[in-house]
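Enquirer: If you want the building blocks of each chain, they are given just below.
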Amino acid sequence: MADNKAQTLKIREFPVEENPEHTYLNAEKGIWSWLFTVDHKRIGLLYLFSITLFFFVGGLLALLLRTELLTPAQSIIDADTYNQIFTLHGAIMIFLFIIPSIPAALGNFFLPMMIGAKDVAFPRLNLASWWIYIFGALFALYSIITGAVDTGWTFYTPYSTQTGTSVVSMTFAVFILGFSSILTGINFIVTLHKLRSPGLSWSRMPLFLWSLYATAIIQILATPILAITVLLLAMERILGIGIFDPTMGGDPVLYQHFFWFYSHPAVYIMIVPAFGIISELISTFSRKTIFGYWAIALSSLAIAFIGFLVWGHHMFVSGQSELSSVVFSFLTFFVGVPTGIKIFNWVATMYKGSIDLKTPMLYALSFLFLFTIGGLTGIMIGALSVNVHLHDTYYIVAHFHYVMMGGTVIALLGGLHYWWPKMTGRMYNELWGRITCGIIFVSFNMTFLPQFIMGSQGMPRRYFNYVDQFQGLHQFSTIGSYILGLGFMIMLVYLVWSLFYGPKASSNPWKARSLEWMASSPPAHHNFEYTPVILHGPYDHHQPIREFHMGVAKEADEQTTEAERETT
Amino acid sequence: MNRIFEYLLPPQRSTVASEVDSLFTFINVTGFILFMGIMITILIFVIKYRRKSEDDVTPVITHNSILEVTWTVIPIILILIVFSWGFRGFLTLSTPPSNAYEINVTAAAWFWEFRYPDGGTTMNEVYVPVDRPVKFIMRSDDYLHSMYIPDFRVKMDVLPNRYTTAWFEATDTGQSLLFCAEYCGTGHSDMLATVHVLSGNDFEEWLETGLEVDEDMPLAELGEQTFTSAGCNACHTLDGTDRIGPSLAGLFGTDRELDDGSVVEADEDYLRRSLLDPQAEVTAGYPANMPSYAGRLNERQIDGLIAFIKELQDE
Amino acid sequence: MSTHHISTLSTLLSVAGALLALTFLTVAVTWFNIPEPFNVIVAIAIAIVKAAAVAMFFMNLYWDDRFNTIVFLLSILFLVIFVGITLLDTLFRDAGLPVY
Amino acid sequence: MGNHSVATGKKSHLQHHFVDEDQQFESSKFGMWIFLVTEVLMFGGLFVAYIIYRSWHPDLFYMAAQELDVALGATNTVVLIGSSLTIALAIRAIQLDKIKAGINYLVATIGLAATFMIIKYFEYMDKFGKGIYPGSAYSYDGIGHDMAVNFFSIYYMMTGLHGIHVVIGIGLIGWMTIKAKKGLIHSGYYTPVENTGLFWHLVDIIWIFLFPLLYLID
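Residue numbers (the numbering used here), protein chains in the order written: chain A, 1 to 568; chain B, 1001 to 1315; chain C, 2001 to 2100; chain D, 3001 to 3218.
Derived from the structure by calculation, the hints contain no laboratory data.
Hints may be right or wrong, so weigh each one.
Distance windows between CB atoms, simulated [claimed, not checked]:
#: 1; chain 1: B; residue 1: M1036; chain 2: A; residue 2: K504; range: 40 to 46 Å
#: 2; chain 1: C; residue 1: F2092; chain 2: D; residue 2: D3218; range: 26 to 32 Å
#: 3; chain 1: B; residue 1: M1036; chain 2: A; residue 2: I145; range: 47 to 53 Å
Don't be surprised by glycine CBs; every beta carbon is placed ideally from N, CA and C.
Construct the entire structure; sequences and hints are all you get.
Expert: Here you go:
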């Protein structure tokens, strides 16, 4: 990778410019300078805007579903519409929101900054990936207009090969979106390998980057299987090739293997980046070195790897061989170990820290609460005999919402508040931030705790109509979901408000130590006007902050002062 | 404590239920202890180590091997316990006793059909003896379905291309609900059946009499009974509102416009053809997904249904 | 670092020659009826040797950064995982083969 | 590891965020290798389907493979190996700044790739003539196995996806030829042609496996 000979670099301190005049936001003007930008920060914001849009669309659909479930049988929409809406809710939230959410929005913005690079390795590919994403979204929209899809986001055969809805165009949308995901993954891996600043060894990489690295690896290895799966599914409908459809000699369980070989690792594409954000938040707001750096970093990779061995735990009652169910169940539990290690490390990081309960930290603590529930209920449904009872019930629905929403979305919100001043140069209202976090935390539990109870009582999922005994819990859950929706609306309002009226943010409001905070807020067009040199780890809160401002002195720069150190 | 778990779970009405529930309880209790441990620790830390001033100095603690090994090993031990416990229950669930009473189950969009060893058939109702293992040998006519009886803690997908099996031994008499747990389209959430657990004598008696079609029952009344027992009500209403198929109210004698544009009168012959070969003449505006009832209904039941539909016309 | 490797003419030609010879070999072994499953094993073994030759000498992995080789082998590893665990299901289903 | 030397004067193809040409070349090639990983896994899905159906119906695969023409398959293997050689020679020529020879080798590669597609076309037409189509259009009854269509579905998916890659490869190599003619690639900057070469060799490798798996079942 590099020349092995140690080089002596002349370095000096580069103080951060407060209230910068030239930033990436005003480097170029006009809508075209945004839509066709190759600046990773602007692409990150394009993604942020898109995922927010789709999050609200998906959320509205969810509220519609919850409203329908206020009463058994029909309340406002009919069964077919209900089926289409829960399919769209799942497909939009997964393919258009949560998979690109943290990596493509926050990752794009901060990955190059955190390693002191000017951009990702392939900026044009990065832009292409966003356009492909938009193109895929348009395809999804097209399939909604031409008859929607009612298969569930899992597209299980043979229902998906026989239903009258526009499955083919939806599968092509998924195919295209997968491509976008792959390009982001390639970009991240190459950037992390090849573009790190001097001194930024693997052991000094922020944990957010380790988690993005693990995520990118999963994206590379799993997404192609999704591509071939949906391609086969589309061919099944177009040509009737009969790999998956039993009426043509195919095997529907084989489809489930194909699907989950992607989709199980995909849940780690969704959650692993969240782990990274939480590591940053807990260390920064405890102002303390992270506990067990390597344990957290390597457990991300371990989760990524084990995640590929456990897909069959979605299929314990699918008719796969009992032998494979047993093997899958056994392997499944080993995802729990590295996940547990992370949680314990985060808690240990807070020990003897200097804990400041700012909004991002409140989200981090909410994450610990909700994600631990999500994880422990995961152990529950990994157990074979209990899974037989709980599979395909609301217990599963509650479990994955606790992991995906209580985990990923909460971490995303934490990260969004944490990096908001850096991205926009403005501070949001702290009080409203904390209130909203409280509202979301409480209403989230109101929405999904009852679903655990319904599930263990035997309420199957994807039910338009239900047995009367569940009505009370359903109504409680629906009311919770309304408050949850309200919480997100409040957040949207105060964040947008801060863009215009928020006070100007300093370059490092949280006194964090990782490299992105050493740039001005908002950052300059090329992030750093110098090549940063990294002397300390990203969590070395005991080191003076000026030692984090080191960079390579320009050759013409005569002021090369005291700090002249050797680095490899 | 017990009350909580009684609330959380459906009643235990099969032999495996207690085994499954004990693991459910174990994981919940251990999980709760772990969860509370973590949350209380966090709470203590947050209160005790609250930031006092902007100049707080924190100690550099990078790791602690003993602690880290501990919190790696203890979870491993716990998950091994949970795995083997779950495995044991799964072995029970997936090995039906050889003397089990076998019932053939066919799932189709959107009803359940049960065939008993001596040739009788019921739809959306299944009668089983208490304290005797019962094995379902299941197959689907179309999509994936899943046979789920919460009270018995059994669930198994029903596939179109091969047989899957599930078994249970009910422990007390009464009724339990059977759900379809694998999403299968429009009528998925209405694809329910009732499990009647009868005592040994009652079951024998039911086999003698219950399966026989009551020759004395008036045709229309038999039709009305068949309308629910055969699952027609999953798709057709009697009050004029549309569901998946057209409502049957006032249908008899009207002209039906078919999806190929032709028009037929809904007379007795048409109704019979619709039952036995539903795809041949599909009413315009409705999906062509009604299953064929050929071989599922006997002659008297078909006549009964026709009589019942005719009667709806008169009212 | 010699990643700008320029292959010699003789390397390229001899690799191509070997590939053609192996192609002939893989067809030729089908003329003798090797019993199952050895015929498949022989055919795949020859294919692996050919693929390795292409990867090492045409795609320059032999001279390249070792990490690229690891990356490439990683794809094979995950494919093996996919096939291996799926076969654990398909080969061990009680009911045997799917009925048409 | 990254930015060791401070960027001095910028050279023609160096993008602003790379420190030097070597870093840029290494990054591109590394990116290409990762992309090849996704290609391997995507084809891999089809290989998995192949392996599972072959394990279920070994007799079918034997019977159906008799319909394929080993001679044509072998010819195509030779053609693709030849094209791999010519593109390797093209890269070598460009590395040595023998642009003219490089262009000739690239054109030869396109010629061989086209030959491959033409042979494939005749193979497909021969099958279609007999009614051997993928999926429900299948109407050939010369194979006494009721799952016969299944083998050909897999056959068409595998060779079809491979064929699409050959066509994409032809496009890429054509583009490289134009670039070379315009003098845009030379010993100082040949990254695109190197990556095209990697892509093309992968297409060859996949065929190396398809050939014995589909044609040589005995």
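Enquirer: None of the hints should be skipped; say for each whether it holds.
Expert: Tested hints:
1. B:M1036 <-> A:K504: 40 to 46 Å: At roughly 43 Å between Cβ atoms, K504 of chain A and M1036 of chain B fall inside 40 to 46 Å, so the hint holds.
2. C:F2092 <-> D:D3218: 26 to 32 Å: holds (27 Å)
3. B:M1036 <-> A:I145: 47 to 53 Å: This hint holds: roughly 50 Å between Cβ atoms.
Hint compliance for this structure: every hint is met.
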